[in-house]
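Given the coordinates of chain A, work out where chain B should sit on it, guided by the hints.
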Amino acid sequence: MNRARNVGLSVILFIALVSVWEAGVRVLQVPQFILPAPSKVAEALWRGLVSGVYIEHLYYTLVSTVLGFLLGSALGFGLGTGVAMSRRFEFFLYPYIVMFQSLPKIALAPLIVIWFGLGLSSKIVNAALVAFFPLLVNTIAGLKSADEERVNLMRSLAASEKQIFWMLRLPNALPFVMAGLDVAMIFALIGAIVGEFVGAKHGLGMLIQSMNFTMDVSGQFSVLLILSVVGLILNRCISLIRKRVLFWDPSEKEKVEA
Amino acid sequence: MSSSVIAVNALTKRYAARTGTVSALLPATAGEARLRGTAIAGPRKDIGVVFQAPVLFPWRSVLDNVLLPIDVQGLGRDGHRQDAMDLLNLVGLQGFEGRYPWELSGGMQQRVAITRALVHDPALLLMDEPFGALDAMTRELMNVELQRIWMEKKKTVLFITHSIPEAVFLADRVLVMTPRPGKILEDVRVKSARPRSLDIMNTPEFGEHVRRIRAHFNVKGGIDA
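Chains as they are written, first to last, in the numbering used here: chain A, 1 to 258; chain B, 1 to 225.
Everything labelled a hint here was simulated from the structure, so no lab data went into it. Predicted, not measured: the structure shown is a model, and the values here were computed from it. You may find that some hints are simply not true.
[To be verified] Calculated lysine to any residue pairs in the SDA-like style (CA-CA distance at most 25 Å, straight line):
1. B:Lys155 <-> B:Arg189
2. B:Lys153 <-> B:Asn218
3. A:Lys144 <-> B:Asp71
4. B:Lys45 <-> A:Ala158
Chain A extracted, bound-state conformation (with noise of 0.2 Å):
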């Protein structure tokens, strides 16, 4: 297929799109509290840009999102390992894990705030809380999923069981280790953004549900616009950091040739 010319069809393809929710909310009349007109989104898109208004809260949202990433997934994956590693640890924790597993994270936001406050810290909890399960589950996936075969040629070297976690099971489990990362990273940003909804002082959610009250719908829409690249960039650095980190993954290189 011709790469010039899809692009260029994706963009017109674009163009229609938008002209035709344009035109469609110009000729039915539709009210801006109900569906605002794409050109309605993108003055209030460069009002708040602008101001530095958007910016100042984007920030909130990041900085929330990332450490909870990072705090989440540091957690799941030590804890994974635990489990993955020590028959004694499974047996006495999975229980619990798999028990707070089952129950939506998200119905803890309200919680998180009375015992962490209105500040970024309750935001970072939430986002940690919602991150910490994907890196959970498939550390310990990965790392029960060495190769027999590979196990026993470590054994038939006299490889110690430390031994065979570094140079095997470790390195094994990345592809799955990434996954992880991959949905952690989103559920991050869902997490910080709920946190912000139950109660917060800055951030991005906070700014949705101070736009819901006064109605601004089209205000609402330029943050999901926001959001939406935001997490798309983030997805981005998590699969540019994978590419690099399992160059030697076939199921890699068929995502990197398709």
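Below, chain B without anything else, positioned relative to chain A:
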């Protein structure tokens, strides 16, 4: 220990268990295996193992895969990098040291596995159906290659196979084993001069050895009864 090639011709499906025993991955059910005067009680550093699959680590380059035993046994990479390169030359993989396993064919991957089994200079090379997963042509080629490597290194090889011609072609001694309990049924000495070419498979002595070993299987009413 004198250098020789022993091919154990396995009648049983439990071949893996048997190499397992010798390499002490599994405890022996009876008796004792001794290597260089000491009983094999656990995994040993002076044994190199080649499995049916190459069992390479995809995140390691060819050279790093070969150096795995050096890393595990803490022998120091610096002192062994040249040995590894020499061995890679010996198996015909010069120039591939920086490649990754997915870039190699099955035969090349198995050569890497053989190199890895030799790099720490073990006293005994255990090969558990190493060419079983290769196509027939590559397999014959690898047999000739293994003989060439053996003539260079002169290590005792315990080679387990289900292929009678492979056993007779490679071995100085062919031990025919029975299924459950695994007992040695016959010890056939193959005296053909080395290097043997694939042509010896057409000689009457070769055919006689093969016929004689195969007779054991026919008595049992089929392979792997």
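For each hint, the structure was consulted:
1. B:Lys155 <-> B:Arg189: holds, 18 Å
2. B:Lys153 <-> B:Asn218: violated, 36 Å
3. A:Lys144 <-> B:Asp71: holds, 23 Å
4. B:Lys45 <-> A:Ala158: holds, 6 Å
Comparing the model with each numbered hint stated earlier shows that hint 2 is the single one that does not hold.
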